[in-house]
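Visitor: As you go down the protein sequences, you meet chains Y and U in turn. Here the working numbering is used: the first residue of the first sequence is 48, the next is one more, and so on. Here the working numbering is used: the first residue of the second sequence is 8, the next is one more, and so on.
Mixed in with the good hints, there may be bad ones.
Distance condition first, Cα-Cα at most 30 Å in a straight line; then the derived DSSO-like pairs of lysine-lysine [what the hints assert, rightly or not]:
| # | chain 1 | residue 1 | chain 2 | residue 2 |
| --- | --- | --- | --- | --- |
| 1 | Y | K224 | U | K45 |
| 2 | U | K47 | Y | K256 |
| 3 | Y | K53 | Y | K121 |
| 4 | U | K20 | Y | K194 |
| 5 | Y | K132 | U | K50 |
| 6 | Y | K256 | U | K40 |
| 7 | Y | K121 | U | K20 |
| 8 | U | K50 | Y | K194 |
Every beta carbon over 12 Å from chain U, so not counted as near; a handful from chain Y, in silico [unchecked claim]:
| # | residue |
| --- | --- |
| 9 | S64 |
| 10 | I77 |
| 11 | D124 |
| 12 | F129 |
| 13 | F145 |
| 14 | D152 |
| 15 | D174 |
| 16 | K194 |
| 17 | D198 |
| 18 | V247 |
| 19 | R250 |
| 20 | K256 |
| 21 | V258 |
| 22 | K272 |
Please keep in mind that the hints were generated in silico from the structure rather than gathered at the bench. Ideal Cβ positions, reconstructed from N, Cα and C, are used throughout, including at glycine.
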Amino acid sequence: MEISSKDIIFELVNTESNQEILQERPHREIGDLSVIYKFLVSETEDGIYTLPITNDIAKDMNISEQELFEVAYKNTDERLSFSIKSMREMLIGMMFPFDEMPENDPMVEMMLPPEGDPPMYVMTSSDGIKGACCILYSDKLGDFADKVDSDLVILPSSIHEVIILPKDESMEMDYLKNMVNEINMGVVSEEDRLSNNIFVFERAARELKPVFDNVPSISEDESIKKSR
Amino acid sequence: MKEPSVINVDDNKVVVEKEVNTSSVERLSAYAKTINDKKKEDK
Chain Y
48 MEISSKDIIF ELVNTESNQE ILQERPHREI GDLSVIYKFL VSETEDGIYT
98 LPITNDIAKD MNISEQELFE VAYKNTDERL SFSIKSMREM LIGMMFPFDE
148 MPENDPMVEM MLPPEGDPPM YVMTSSDGIK GACCILYSDK LGDFADKVDS
198 DLVILPSSIH EVIILPKDES MEMDYLKNMV NEINMGVVSE EDRLSNNIFV
248 FERAARELKP VFDNVPSISE DESIKKSR
Chain U
8 MKEPSVINVD DNKVVVEKEV NTSSVERLSA YAKTINDKKK EDK
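Given the sequences, and given the hints that come with them, work out the whole structure.
Guide: Have a look at this one:
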């Protein structure tokens with residue numbers, strides 16, 4: 048099978064719950080998360096088709112994990128087209144993918160959060176599949192932090208997307224962490240869970256950090272930092 | 008690997024996976040409701 052190196056992309060998974068997969072795949076651990084690699088084979092209306100890059104395949108390709116990371120870092124943003132939308136806009140797009148949202152429908156309004164209060168955003172890929180790796184792009188988070196003029200609280204809602212809240216001094220971090228934990232346990236399937244931790248993106252430092260000290264830090268790849 | 012190149016993957020090692028995102032509305036609604044309720048409670 049012939050594939051282009053332009054098809055190499057990455058995704059983020061939880062390290063602890065993916066030990067078996069990680070043994071067979073080139074990967075790097077970032078905090079409690081791991082980056083794994085795959086070829087994006089095709090995209091269709093009902094999903095994407097990928098070919099996981101295993102240790103065997105990487106060996107045949109004669110490519111190191113560092114090279115995989117650098118190639119995937121460039122490709123993933125181009126191929127998956129990350130964007131940040133308000134929670135309301137995102138839910139409307141999911142609930143009415145083909146039609147206009149019906150106006151003045153109390154049932155629909157009941158299911159949607161009000162626009163902007165409290166401000167909540169969702170960052171993911173254009174098709175919403177395996178888009179949580181967007182948090183590896185500190186330039187994108189930084190641009191958004193500038194736009195909302197605030198540090199950002201990142202809730203890892205799943206491997207598909209993250210929720211972003213402009214940081215507000217009144218926010219109770221323990222409450223938010225418990226909320227992520229409870230929603231992970233109650234609503235998110237095991238294979239879609241990303242993390243039970245929450246993170247803060249510091250606007251001034253352009254750094255993503257776990258809120259609680261017992262979680263390893265997320266540091267940006269040196270080669271990516273230098274390329275800026 | 009600086010330039011795009013064509014890679015030959017051994018057909019015996021090719022396992023193509025389909026990836027979908029099935030429960031976003033339920034998951035995001037749960038977050039939206041909890042965050043919204045907390046905001047109201049705090050007021």
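Visitor: All hints are to be evaluated individually against the structure, with a verdict given for each.
Guide: The hints, checked one at a time:
1. K224(Y) x K45(U): holds (13 Å)
2. K47(U) x K256(Y): With Cα atoms ~28 Å apart, K47(U) and K256(Y) stay inside 30 Å; holds.
3. K53(Y) x K121(Y): Answer holds: K53(Y) to K121(Y) is near 9 Å, not above 30 Å.
4. K20(U) x K194(Y): violated (45 Å)
5. K132(Y) x K50(U): With Cα atoms ~26 Å apart, K132(Y) and K50(U) stay inside 30 Å; holds.
6. K256(Y) x K40(U): holds (26 Å)
7. K121(Y) x K20(U): holds (25 Å)
8. K50(U) x K194(Y): holds (26 Å)
9. S64: Nearest chain U Cβ is 17 Å from S64(Y), so the label holds.
10. I77: Holds: least Cβ distance 21 Å, greater than 12 Å.
11. D124: D124(Y) clear of chain U: closest Cβ-Cβ about 15 Å, beyond 12 Å.
12. F129: With a cut-off of 12 Å, F129(Y) remains clear of chain U, as the shortest Cβ separation is near 14 Å.
13. F145: At roughly 15 Å from the nearest Cβ of chain U, F145(Y) sits farther out than 12 Å, so the non-interface label holds.
14. D152: holds (16 Å)
15. D174: violated (8 Å)
16. K194: holds (20 Å)
17. D198: Consistent with the label, D198(Y) stays out of reach of chain U, its closest Cβ about 17 Å off (over 12 Å).
18. V247: It holds; V247(Y) is separated from chain U by about 16 Å at its closest Cβ, greater than 12 Å.
19. R250: holds (21 Å)
20. K256: The claim holds: K256(Y) sits with its nearest Cβ about 21 Å from chain U, beyond 12 Å.
21. V258: holds (16 Å)
22. K272: holds (18 Å)
The structure fails to meet hints 4 and 15 from the earlier list, while all remaining hints are met.
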